[in-house]
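Trainee: One letter stands for each residue in the lines below.
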Amino acid sequence: MAWILKLVPRLVLGAAGISVATAVLAADITIGAAFPLSGPNASYGDIFGSGANLARDHINEDNLLGDKLRIQYEDTQALPQQGVISMNKLVNVARVPYVLSAFTGVSKAISTAAARTKTVAVNGGGVGPDLASLGAYFWNVIPLATDEVKAILPYLIKEKNLKKFVLIYVDDPLGEGIRKELETSLPKAGGELAESLSVPATMQQFAGIAARVRAANPDVIYIASYGSQQSQMIKQFRDNGIKQQIASYSAFSIPETNALPQAKGAVYTTQNIDWKSADPVTKRFVDDYQSKYNKLPSAYIANYYNAVRLFGLLASELKKKGEAITGENLLRQRNETKSFDLVGGKVTFAENGTVISPMQVNEIDGAGGKVVSVTGK
Amino acid sequence: MLVVQLFINGIQSGALYALIAVGFSLIFGCTRIFHFAHGATFTIAAYIFYYLYSMAQFHWVLAVLASTIGAIIFGVVLDRWIYAPIQRHEGSFFTVFVASLGIGIIVQNLIGMIFGRGFVSVATPLSESVELMPGLFVAPLSGLAIICMLVFFFALQVFLNRTHIGIAMRALSENPALVRIYGLNPRHLSTMVFAIGSVLVVPAAILTGAGSGLNPAIAHHVMLISLAATIVGGVGSMKGAALAGMLLGITENFALIYLGPQWSEAVTFVVLFLFILLRPSGFFGRAIAN
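Residue numbers (this note's numbering), protein chains in the order written: chain A, 1 to 377; chain B, 378 to 667.
No wet-lab data here; the hints were simulated from the structure.
This one's a predicted model, so the numbers in the text were calculated from it and none came from an experiment.
A couple of the hints might just be wrong.
As the list claims (entries may be wrong) - Computed list of lysine to aspartate or glutamate pairs in EDC-like fashion (alpha-carbon distance at most 20 Å, straight line): (1) 158(A) with 61(A); (2) 292(A) with 62(A); (3) 292(A) with 75(A); (4) 243(A) with 551(B); (5) 243(A) with 642(B); (6) 264(A) with 505(B).
What the hints assert, rightly or not - Quick look at which bits of chain B chain A covers, simulated, 3 or more residues with Cβ under 8 Å: (7) 383 to 390; (8) 426 to 432; (9) 439 to 446; (10) 557 to 565.
What the hints assert, rightly or not - A few chain A residues that don't get close to chain B, going by computed Cβ distances all over 12 Å: (11) 62; (12) 72; (13) 184; (14) 201; (15) 215; (16) 235; (17) 238; (18) 255; (19) 290; (20) 338; (21) 356.
In this text, a Cβ means the ideal position worked out from N, Cα and C, and glycines have one as well.
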């Protein structure tokens with residue numbers, strides 16, 4: 001009997017502890033994040049999360065929402081089917097009103113659930129042009145591939161006089177989107193797409209493709225892939241005697257690609273952000289990021305900081321009005337507010353839920369990178 | 378010249394595939410354990426070498442030695458402390474397979490936590506191609522891959538055919554009960570098989586780290602090729618697995634002459650399906666009748 005007498009108070013205390021914890025969680029405001037946290041693209045999840053977490057910390061420090069903001073992360077492995085599972089868990093179980101999304105394929109896959117459940121999904125990493133037409137509940141805080149391709153072509157064709165392109169693109173909606181954009185924009189810009197070769201997302205051996213690229217003898221090799229695969233391509237192309245200019249889009253901004261010795265000289269586009277800006281939002285973001293990670297942030301990190309900050313600004317307005325924080329109300333508030341103070345300056349959304357931003361061409365120089373051209377300012 | 382270039386690339390890929398597949402085939406053929414974590418052995422060996430050689434700046438001989446020891450320990454630990462207890466309790470093929478699959482996933486995540494989840498590569502001038510004649514680029518690593526494959530394969534053949542323990546290992550695949558009657562311990566033989574199978578993956582792991590680079594999820598591709606080569610070569614046949622690995626590497630590269638690169642992995646499975654349909658026992662497998 002003695003053990004029962006000892007056990008009962010412990011169970012009662014335990015149950016009380018659980019109910020207190022539940023009460024704390026219930027008072028929190030939770031948003032979701034469907035990021036790759038494992039698999040070959042997991043490094044993107046770390047990068048995106050660092051921006052989102054910093055914005056969450058700033059919102060909580062400022063007590064912008066009254067309650068604590070939490071982010072519930074789910075692992076998509078950058079795969080559409082895993083993305084749908086993550087989204088279902090976030091909207092049906094956690095019942096979040098706002099989900100951070102990444103990667104074109106995943107974003108397209110979760111957009112139907114977002115529209116059906118009236119949950120706002122915000123993409124800060126995928127750049128497939130299709131992402132501009134996924135409905136009112138799908139927003140993009142990153143310029144899409146159309147802008148990225150249009151920004152790099154004048155630099156390569158007019159400034160560097162490189163006209164003959166070979167495209168290596170991953171066989172998914174992102175790669176397809178970039179192929180279509182290059183096929184349309186290159187002839188108009190005075191260039192030529194000599195060959196486009198699609199690769200499966202799981203492919204890791206590129207020596208054979210290097211032989212095909214060499215045979216085409218281009219001036220520029222445009223790589224439309226991401227994660228470990230793009231780094232493997234660069235290394236294997238250079239090791240296999242390809243000396244021509246390598247170009248790409250914002251996926252090249254990850255540290256592992258920038259640190260690759262073979263990537264030196266490669267150019268890629270991102271949206272233009274002045275990290276030295278005196279604008280208070282940008283300055284606080286850059287200073288706090290640098291003090292935490294001891295390096296400058298990248299555009300991806302700013303995008304996900306902006307995505308979470310955007311939620312904070314919208315939810316704060318809704319709270320002031322005494323309205324519930326739901327996807328529907330967030331969308332209505334976004335249409336009412338018009339412009340937002342985010343990292344990089346004031347941001348306005350186009351009707352299709354996409355931001356318009358100046359673009360820059362970056363060159364990997366082995367010393368943190370340098371901006372070689374800015375367009376659209 | 379493109380054909381010659383792709384043939385050379387195919388031989389290099391095939392040599393690495395052969396080394397991976399022979400190790401898997403040896404383990405599966407002798408113990409009937411579907412060692413899905415063979416890919417994890419590959420990842421562990423590759424990352425140990427990467428860390429010691431590229432990060433800690435050890436001499437390459439020490440790094441190779443440590444990588445080999447790491448692979449052996451991992452293989453033996455799995456056999457002794459994971460597979461053996463499962464087999465002792467119920468011996469289900471699928472339970473062992475699921476355990477192996479789970480270990481593969483755990484290792485992938487642990488590697489990601491320790492070494493980061495991004496791309497890394499072993500920096501060496503051996504991976505840089507030299508233009509032998511106009512349009513024909515060959516890296517010293519290609520030659521190394523072929524030499525390693527030949528040396529390890531022939532050493533394995535000699536070991537399996539000329540030594541008592543090698544012959545006992547082959548007997549283990551035929552009839553474990555009979556092996557016990559002859560006074561040999563199947564458990565010890567199984568441990569030996571895992572050790573040798575794990576060693577075979579080490580050169581492929583190191584050369585892949587230098588040639589293609591690494592990420593924690595690289596084991597999936599390794600297992601895909603091992604599985605296909607084991608079936609195409611004939612389950613349990615080392616010679617078959619080696620030939621199948623070469624065949625898959627060459628086919629994968631030759632497919633690029635006529636098809637887009639997105640078909641190169643699919644071609645591997647076309648070869649696999651053709652063998653399953655037309656020659657289910659593989660190159661050197663034996664027909665089994667019940």
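Trainee: Now, for every hint given, state plainly whether the structure supports it.
Mentor: How the hints compare with the structure:
no.: 1; hint: 158(A) with 61(A); result: violated, 48 Å
no.: 2; hint: 292(A) with 62(A); result: holds, 18 Å
no.: 3; hint: 292(A) with 75(A); result: violated, 24 Å
no.: 4; hint: 243(A) with 551(B); result: violated, 54 Å
no.: 5; hint: 243(A) with 642(B); result: violated, 27 Å
no.: 6; hint: 264(A) with 505(B); result: holds, 15 Å
no.: 7; hint: 383 to 390; result: holds (count 5)
no.: 8; hint: 426 to 432; result: violated (count 0)
no.: 9; hint: 439 to 446; result: violated (count 0)
no.: 10; hint: 557 to 565; result: violated (count 0)
no.: 11; hint: 62; result: holds, 32 Å
no.: 12; hint: 72; result: holds, 20 Å
no.: 13; hint: 184; result: holds, 21 Å
no.: 14; hint: 201; result: violated, 10 Å
no.: 15; hint: 215; result: violated, 5 Å
no.: 16; hint: 235; result: violated, 5 Å
no.: 17; hint: 238; result: violated, 8 Å
no.: 18; hint: 255; result: violated, 7 Å
no.: 19; hint: 290; result: holds, 20 Å
no.: 20; hint: 338; result: holds, 39 Å
no.: 21; hint: 356; result: holds, 31 Å
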